[in-house]
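K.L.:
Please build the complete structure, drawing on both the sequences and the hints.
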Amino acid sequence: MTETLDRLRLSRLGDDDLELLLQVRHFELKLLELYGRGELNGTTHTCLGQEYVPVALRPLLGPDDHVFSNHRGHGHYLSTFRDPHGLLAEIMGREGAVCGGVGGSQHIHRDRYMSTGVQGESLPVAAGVALHLKRTEPGTLACVYIGDGTWGEGAVYEALNLAALWELPLLVVVENNGIAQSTPTAAQMAGSVGGRAAAFGIRHHLVVSADVNEIRAALAPLVAEVRQARPLVVEFVTHRLGPHSKGDDIRPAGAVQAARDNDWYGRYAHDHPDQFHRLDGPVRAEIQAIADEVAARPPSRWEGTCA
Amino acid sequence: MRVAENLNAALHGLLDDDPTAYMIGEDILDPYGGAFKVTKGLSTRFPGRVIGTPISEGALTGVAAGLALTGNTAVAEIMFGDFVALAFDQLCNFASKSVSMYGRRLPLRMVVRCPTGGGRGYGPTHSQSLQKHFVGMPGLSLYEMSPFHDNRAVLGAMLERGEPCVFFEDKVLYTRQMDQVDPLFTVRREGGLAVVDLRGPDARPDCVIIAPGGMAHRALAAMRSLLVEQEISGRLLVPSRLYPLDADALLPFLGEVVLVAEESTAGGTWGSEVAHLLHARLWGRLRGPVRLVHSRASVIPTAAHLENEVLVGESTIHHAVREALRG
Ligand SMILES: Cc1ncc(C[n+]2csc(CCOP(=O)(O)OP(=O)(O)O)c2C)c(N)n1
Ligand SMILES: [Mg+2]
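Listed in order, the protein sequences are those of chains A and B. So for the first sequence, the working numbering puts the first residue at 1; every next one is plus one. So for the second sequence, the working numbering puts the first residue at 308; every next one is plus one.
Mixed in with the good hints, there may be bad ones.
[Said to hold, decoys possible] SDA-like cross-link-like pairs, simulated, lysine to any residue; straight-line CA separation at most 25 Å:
1) B:Lys347 / A:Gly178
2) A:Lys246 / A:Ala285
3) B:Lys347 / A:Pro243
No lab work stands behind these hints: they were computed from the structure. From a predicted model like this one, the values you see are computed outputs, not experimental measurements.
P.N.:
And the structure:
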């Protein structure tokens, strides 16, 4: 799908958007570095290359909307809360962790944001939340992020059926990065995401651009319709720049190169060098400072502890 | 040889020996070879019989059952054992039932492999020990990988039963060595049971610990510290098949003080099933009830310092033995 990616110049972003994009990028790079040095426990999945997806959606979602995230959720969280301290503390098990260090990278709950590490299971839950919102808070929606691989799970279809049947304000954001762990999409998906949405009579919108302004402009009216209880599947054709989790990248060099060629980071640096370089260094330094500060904190404490 | 290599060799052996054998699961194909590398080399050597699937645990388990139904041998890998919850219906209501619910025995040669347990910081949905949820299903046998049981023999034993089996593989075992124990100990096999004793003149141990394979090294570490620090002697029994458990095979090795140690969180545990079987046989001869050692009644946290508080470790077992001996 690489060929379909729009190679035009990326339009200029406000400093705020670019800062957020860079914050997510440097956060993820820092995580891989910390793992590499053995300073983090467990595992993590970075959204390197896909940062622009939640950043583009950010102004289209409000504080009353529910967001369901998945294993690759750091960008979703940072775009919602701009809280690298709390997230890093969660991942490092330090004081100030969003969920006390219990959930870790992929199990996070804050306000109306929730993530879990079991593929597909949040779709029916999001449908239930959307049902509630439709009745009690019309105009709000439930947004759920899933990958291409997650379309293997039956729960996805049971939820889509309900969303269409009951006309739920459900926004399904598909980050189709062409791969699920080690399995290319072509080896795990018959048909297409669009075809599957169509089977339920659900509107499907394909995003091939990585231009945040352009994506927003196209999505704004569609998301407004979701708020009128018309479910929507938005499929981003995107690229996973890094490994699935830590060091498990066995993709052929060509696939990794394609992801690099499409990376918004290099493209934006090329298209808007002054703005990029004015912000990139400071954001990188800020993340470094946050990592140092959080690492020096005492271990997190778990309040609601067990029997 | 590491346990994961032994298991990998066992799967190679099975596909080699049995031309009807299939291996099915997510991300199991080369060059990736599975999330824990247990299926490495299989798809290269047996293309066509090693099948990578979409993220569809219910379907892949059902497919394994369908292959078994048509006379094949099927081994399914669930990437993280936690996701076998998505295959619960296929196992509980289809595969295990089909063995007997049609009025005559319908043999199914299938094994569902479940990388299990915590200690690696993977968090609440990737660290569980779900054995207890499968205990007591007629037509379903449960086995656990151990460093003292050759996996090729265990695979053979599971398939010979002609009914679906779930094979729990404690993830922390993968990188440990087969058959490795401290020189203090000696290991012998009695059928499906591994018996680990202190080296030296035969004497009755002060306590006997029954533990599945994943808990063995922690139990042995506790036995070592109990001996060195407290002069308490112990024996470890590691059954390969957890359910149905051959309780009678344990009897010759038991004394007055018995503990069952497992990683499962508290409540409805495998150990309580074992305790009941032993109480029925040994009630008058035990100094006290069989003592259960398990993780706390809690989700398994991600952060290492919190995870350690929840999961059974060497010290949990050590303290449980001392309490049991104090009466
Ligand atoms: C039910 C379930 N099965 C398997 C996994 C293991 N797993 C975690 S992420 C992943 C791949 C997901 O692929 P995709 O949906 O395309 O998302 P991506 O990782 O590409 O962002 C797999 C198989 C899981 N977390 N949950
Ligand atoms: Mg994907």
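K.L.:
Going back to the hint list, which numbers does this structure go against?
P.N.:
none
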